[in-house]
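Undergrad: These are the residues of each chain, in order.
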Amino acid sequence: MTSTTAGDVPAIEFKDVVKRFGDNVVLDELNFKVAKGDRVTLIGPSGSGKTTILRLLMTLEELSGGLILIDGDPYTHEYRGDKWVEIPEKRRRVVRNRVGMVFQQFNLFPNMTVLQNIIEAPVHVLGKSKAEATARAEELLEQVGMTEKRDFATNQLSGGQQQRVAIARALAMDPEILLLDEVTSALDPEIVADVLEVLRNIAETTDITMLLVTHEMAFARDVSNRVLMFDHGQIVEEADPETMFTNPSHERTKEFLKAVLG
Amino acid sequence: MSDDLQTLIDSLPDLGGAVLVTLEMTVGGAALAMIVALVLGFGARTRSLWVRGPSRVVIEFFRGTSLVVQIFWLFYVLPQFGFKMEALAVAIVALGLNYGAYGAEVVRGSIASVPTSQWEAATALNLGWAHKVRRVVFPQAWALMLPQLANLLIQLLKGSALAFYITLHDVYWWTDELQRDTRDTFFSFGIGLIIYFVIAYILTWGMNWLEERAKRRLGRGTRPRLRDVLGLKPGVPSEVARVKGGVA
Chain A
0 MTSTTAGDVP
10 AIEFKDVVKR
20 FGDNVVLDEL
30 NFKVAKGDRV
40 TLIGPSGSGK
50 TTILRLLMTL
60 EELSGGLILI
70 DGDPYTHEYR
80 GDKWVEIPEK
90 RRRVVRNRVG
100 MVFQQFNLFP
110 NMTVLQNIIE
120 APVHVLGKSK
130 AEATARAEEL
140 LEQVGMTEKR
150 DFATNQLSGG
160 QQQRVAIARA
170 LAMDPEILLL
180 DEVTSALDPE
190 IVADVLEVLR
200 NIAETTDITM
210 LLVTHEMAFA
220 RDVSNRVLMF
230 DHGQIVEEAD
240 PETMFTNPSH
250 ERTKEFLKAV
260 LG
Chain B
0 MSDDLQTLID
10 SLPDLGGAVL
20 VTLEMTVGGA
30 ALAMIVALVL
40 GFGARTRSLW
50 VRGPSRVVIE
60 FFRGTSLVVQ
70 IFWLFYVLPQ
80 FGFKMEALAV
90 AIVALGLNYG
100 AYGAEVVRGS
110 IASVPTSQWE
120 AATALNLGWA
130 HKVRRVVFPQ
140 AWALMLPQLA
150 NLLIQLLKGS
160 ALAFYITLHD
170 VYWWTDELQR
180 DTRDTFFSFG
190 IGLIIYFVIA
200 YILTWGMNWL
210 EERAKRRLGR
220 GTRPRLRDVL
230 GLKPGVPSEV
240 ARVKGGVA
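Protein sequences, first through last, are from chains A and B.
Note that numbering that gives the first Met the number 0 numbers the first sequence so that position 52 is 51, with each residue one more than the last.
Note that numbering that gives the first Met the number 0 numbers the second sequence so that position 170 is 169, with each residue one more than the last.
Treat each hint with caution, since some may be false.
Said to hold, decoys possible - Chain A regions said to be covered by chain B (calculated; three or more residues, Cβ under 8 angstroms):
1) 52–62
2) 100–107
3) 115–127
4) 151–158
Unchecked claim - No farther apart than 27 angstroms at their CA atoms in a straight line, the calculated lysine-lysine pairs in the DSS-like style are these:
5) A:K32 <-> A:K14
6) A:K127 <-> A:K35
7) B:K131 <-> A:K129
8) A:K89 <-> A:K129
9) B:K131 <-> A:K89
10) A:K127 <-> B:K131
11) A:K253 <-> A:K32
12) A:K89 <-> A:K35
13) A:K89 <-> A:K127
Hints are computed from structural coordinates only; laboratory data are not their basis.
Note that CB positions come from ideal geometry on N, CA and C, so glycine has one too.
The shape of chain A in the complex, shown without the other chains (with noise of 0.2 angstroms):
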């Protein structure tokens, strides 16, 4: 289940990943692995464990059970001999750098400014000066086509605008993998074209590894070149989207996709 060639190391790798909520399993010994510069768009039913996958590798759910790989190196637990023990967050902290989100509700920070949203963690957690974040903030609200808004206040602007700078908060940190959670889920039809426009552009220009959860399945075509059809915490399909998208061999991705595209 993997386009990596060999010797490569992933990005990301899952492996035997379990995640429980009380007696609810999500996550059932998930194994899969995405290369760097992949762009994976995972589809599925609500509760099928796309946004989990996520959420646990953003470590905002600890695992039940399992590893996940970041280039290789344990990010949240390990195995020290037959002991799978907790990684303590110092360690954590350094293989987060690597990872950026970007949320369906932007939650952007409301007592700070849009400049100060994007600068706050490149100046506190990766020590650049305050010049140098400034200057690469500015650069990324023109790629995001908000400059004239940056010294605004959050709630100033619509949604659209707040997940644009998003966006551009998340690509700050210079991550190596981006994780996009239904990002145009909580905007008005009419602005998510623009979201989707941004999105499009970064995944031309950059090679940053891309994980994304949408509903958005023509984004998902234009964007990724491997899709991921969810179901109960398993893959039940994976192909690069044309196939997925007009010819699926899988009777509960027909279905899905029928349900979805109508």
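Assemble chain B onto chain A, guided by the hints.
TA: Just chain B, lined up with the frame of chain A:
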């Protein structure tokens, strides 16, 4: 009545000192209470039972026992164990612990009211815990806790009158002296009410100003105008501005 007025005028020189003692207790007590509230408030929401348990016990103990008894304990009982404090220090410590315990609940509740998604966004940017709290969560919680802290501050001011029982010459002592001199309870205690009210009113102005400022920093509301602050209607100006400003 004119005798009353003359007695009042004669006792005015003592009033300054009395107000000062009351203010020292209020400001000192509030400062200590804020520290206690922050420590216990954060302690009460940690995952570690070793921190959360003791925090809860201390909160419940100081909320659940009478302030007068706490003051007497510190003043009369503690010296028996060789630990003696000045009366003013006793008052500040007792007020700080008692109102700090109430404040801890305010801090805990306000921190809990900041959406989890804000913590998560901060995690996604790899900010450390202390940084998340200081730069992201606390500024948002601060705006939520200020109205309740303002209430507690006024209660603390009024609670400070109990220090009269441990020999402190505060506003209540001064009022009581006036009553002895005039033998007119209506007059002297009436004056007492007014003095406490004026101090409370000034404190409320200050807290309103802080609240408006905190909201403005969250991008809600406008620069506090004197009229809004003096109007003693916390929340109203900002709410109006928010609706008027709308979402772009």
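Undergrad: Would you mind confirming whether the straight-line C-alpha gap from B:K131 to A:K129 stays at or under 27 angstroms?
TA: holds, 19 angstroms
Undergrad: Does A:K32 lie within 27 angstroms of A:K253 when you go C-alpha to C-alpha?
TA: Given pair A:K253, A:K32 holds - Cα atoms ~24 angstroms apart, limit 27 angstroms.
Undergrad: Are the Cα atoms of A:K89 and A:K35 separated by 27 angstroms or less?
TA: Holds, because 25 angstroms separates the two Cα atoms, which is no more than 27 angstroms.
Undergrad: Hinted pair, alpha-carbon criterion (27 angstroms max): B:K131, A:K89. Please report holds or violated.
TA: This hinted pair holds, its Cα atoms lying about 15 angstroms apart.
Undergrad: Regarding the pair A:K89 and A:K127, is the alpha-carbon distance no greater than 27 angstroms?
TA: Distance of about 20 angstroms is within 27 angstroms: holds.
Undergrad: Run the distance test for A:K89 versus A:K129: straight-line Cα separation, threshold 27 angstroms.
TA: Status holds; Cα separation ~24 angstroms.
Undergrad: Okay, the segment 100–107 of chain A and chain B, do three or more residues pass the C-beta test at under 8 angstroms?
TA: holds (count 5)
Undergrad: A:K127 and A:K35: Cα distance at most 27 angstroms?
TA: holds, 25 angstroms
Undergrad: Under the criterion that the straight-line Cα-Cα distance not exceed 27 angstroms, is the pair A:K127, B:K131 satisfied?
TA: Status holds; Cα separation ~18 angstroms.
Undergrad: State whether the coverage of the segment 151–158 of chain A by chain B holds or is violated, taking the criterion as 3 or more residues with Cβ-Cβ distances under 8 angstroms.
TA: holds (count 6)
Undergrad: Given the hinted pair A:K32 and A:K14, is their alpha-carbon gap at most 27 angstroms?
TA: Judged against 27 angstroms, a Cα distance of about 9 angstroms means the pair holds.
Undergrad: Can you take a look at whether the segment 115–127 of chain A is actually covered by chain B? Rule is 3+ residues, C-beta closer than 8 angstroms.
TA: holds (count 4)
Of the numbered hints stated above, none is contradicted by the structure.
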